[in-house]
Structures are given as structure tokens and as C-alpha cells.
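Those protein sequence lines, which keep their order, are chains A and B.
Taking numbering that gives the first Met the number 0, the leading residue of the first sequence gets 0, the next gets one more, and so forth.
Taking numbering that gives the first Met the number 0, the leading residue of the second sequence gets 0, the next gets one more, and so forth.
Just so you know, these hints were derived from the structure itself, not from any lab.
Among the hints, a few may not be true.
[What the hints assert, rightly or not] Here are the simulated EDC-like cross-link-like pairs (lysine to aspartate or glutamate), alpha carbons at most 20 Å apart as the crow flies:
id : chain 1 : residue 1 : chain 2 : residue 2
1  : A       : Lys10     : B       : Asp189
2  : A       : Lys10     : A       : Asp60
3  : A       : Lys10     : B       : Glu156
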Amino acid sequence: MYRVSVYVTPKHGVVDPQGAVIERALPALGHSTAGNIRVGRYITLDVEGNDSDKVKADVDDMCRRLLANTIIEDYRFDIVPTGEEA
Amino acid sequence: MAGASARFGIVVFPGSNCEYDTFHALSTFYRTEPFYLWHKDHDLKGADCIVLPGGFSYGDYLRTGAIARFSPIMQEVAAFAQNGGLVLGICNGFQTLTEAHLLHGALRRNRGLRFICHPQYLRVERTDTPFTTGMEVGQVIQVPVNHNEGNWTAGAESLQEIEQKGLVAFRYCDAEGKVTDEANPNGATDNVAGILSESLNVLGMMPHPERVCEGLVGGIDGRAIFDSIIEYVLQKRVS
Numbered sequence: 000m001y002r003v004s005v006y007v008t009p010k011h012g013v014v015d016p017q018g019a020v021i022e023r024a025l026p027a028l029g030h031s032t033a034g035n036i037r038v039g040r041y042i043t044l045d046v047e048g049n050d051s052d053k054v055k056a057d058v059d060d061m062c063r064r065l066l067a068n069t070i071i072e073d074y075r076f077d078i079v080p081t082g083e084e085a
Numbered sequence: 000m001a002g003a004s005a006r007f008g009i010v011v012f013p014g015s016n017c018e019y020d021t022f023h024a025l026s027t028f029y030r031t032e033p034f035y036l037w038h039k040d041h042d043l044k045g046a047d048c049i050v051l052p053g054g055f056s057y058g059d060y061l062r063t064g065a066i067a068r069f070s071p072i073m074q075e076v077a078a079f080a081q082n083g084g085l086v087l088g089i090c091n092g093f094q095t096l097t098e099a100h101l102l103h104g105a106l107r108r109n110r111g112l113r114f115i116c117h118p119q120y121l122r123v124e125r126t127d128t129p130f131t132t133g134m135e136v137g138q139v140i141q142v143p144v145n146h147n148e149g150n151w152t153a154g155a156e157s158l159q160e161i162e163q164k165g166l167v168a169f170r171y172c173d174a175e176g177k178v179t180d181e182a183n184p185n186g187a188t189d190n191v192a193g194i195l196s197e198s199l200n201v202l203g204m205m206p207h208p209e210r211v212c213e214g215l216v217g218g219i220d221g222r223a224i225f226d227s228i229i230e231y232v233l234q235k236r237v238s
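Isolated chain A (complex conformation) (with noise of 0.2 Å):
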């Protein structure tokens, strides 16, 4: 069993709306410092299997065709296993 993290974030040159909001909002706590700001996704899963590489083929394949939309979406994952037998 692995335990998967996949980081899904708007692609570099795509305008990200809620980025920019949130860049105009933090100067207003005082935080002049902070710029580039960029919102993603976060999504964990447990993926069952022993072989890391298949695990790893499988989850490409999950981001590529749903967790992610390579149009206007970037996606990269980890996968760490569990210990525990699949």
C-alpha cells in the first residue's frame, strides 16, 4: 500500500484568478514581501500495490485523465508506502 500525495497547480502563463486575489489581499494584513502567488490543489490517496513503479504508472494516469487538466493544470505526485500489505 502507498500513500500518494498529488500537487495539482495552474500551469506557468495561465492567469490564475484566485492567485491574483489573494496577492492583492495579503498587503492589506502587511505583507508587502509576498508576490507570484498561485493556488493549486492538494489530493491524497491510498493506492494499493507492492511494485512502486506500477503504483507510479497508475497515478500518472489518474492525474492525467481526472485529477488533473493538462490544458491549464501542472500535476507532480510523491508516493510513500504505508507498511502495510496490500
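Assemble chain B onto chain A, guided by the hints.
Coordinates of chain B only, in the frame set by chain A:
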């Protein structure tokens, strides 16, 4: 000829909410006989035109239209579109068509993060399509927008292809037809309000033509689109 009117199949997903408006417009003002198609079905029931209506299919979870595109009926809708069948996606239906890769691009949160709901001017960009005959290039029509994720964009390659092939059907504009940033309600790239597939038989648009088919509710500009579809279908039947 009996049953001569165009047959519209309106797909209903869990969370769709504009299917009744569409049904009402088509049955009241056109006397066509529209019918609903449940998303779990696999039968398009002989429809001439499939409408994917507005709403919040699957609660807009993950991304708008992202789950609806995997509904069983979407396999048939995709095959129908690939065989030249007419598909009109309105608002959430447009979002679903982009997620299904039947249309270019993707729809993101509106610029400014506001849900927008107001009458909107659109400039007609081409009239040689099944959806826009009877209009004029440059004509301005007024159709309401009602969405949170209408900020259309596409990758650089797609944008180039869209411009080269002239796949933009409508752009957001002002009352005079000027396509300006001020007239852009949601930040969509190049003010795109509606785009066509390469074979011109699939149209996705954020504004709601089904809501302006009756003067009583503020206008009849939406009729031009349904007029065009019906004329196209009937002509095709004759030929």
C-alpha cells in the same frame, strides 16, 4: 410530413438545472418535441441535436464538467459528434464538452472570482455553421451569462489553430460590437464566449440562449441559434 420537426435530446446529469428552460423554449416557441436523456442511458433516441444544459453537474466537484464527461451517455455523445451530429453545450454543458476534449480549451474561475449573472452582448463571428445561419457576421446579440467558471482559455498551439480555422462563434463585446477588455465579463482569452469544433457541428457557449426566446423575459435573441439548428436539420433531411 409527420414528425418533421427537429428532435432535440436534452441530457440530464445529476445537478443539471437548465434542462427545463431548454425544454420550455424548444417546446413552447418552436413546437418541437424535445426529450430528456438521462446521463446513465446509452441511447440518444434518434435525436438530431443533443443539448448539454447548464447547471452544476456533480456539484462542480473537482472541476466543472470533469465528472459529467465520464457519464455513460457521454460515450454516445462523443460518437454522435464524431459522426457529424449536432451538439450544443450551454454553460456547464460547454464546460463538460471541453473536459471531454470535444472542444478546445478549458474554463477557469471568472476573473475577479465573482459569480456573474447579467445580460451580455455578443458579437457573431461566423455564420456558415449549423448554429448561426440567419445571423450576420459582426451582428450583436444580447444573451444572459450566469456562471462562476466562464473564463475560457487554451494552450498557445490551440489558440493559434482556433484563430487560423476561425473556430470562435461568439465574442463578448459592448453594445456597438466592440470587443474590448471592459466588455469581457470573466477574463476569457480573446473574449471568447463560444467556440466550435473543427467540423463545426459542436458548439459550446457560456451565455444562455434558451433564456432569451421570449420578449416577456427580456429578449428573443437566443432564438436565432435554435432557428438555425432547426433549419439545418430540416434541410439536411430533405437533401
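Status of the hints after comparison with the structure:
no.: 1; hint: Lys10(A) - Asp189(B); in the structure: holds (18 Å)
no.: 2; hint: Lys10(A) - Asp60(A); in the structure: holds (18 Å)
no.: 3; hint: Lys10(A) - Glu156(B); in the structure: holds (15 Å)
Going through the hint list in order, the structure satisfies each hint without exception.
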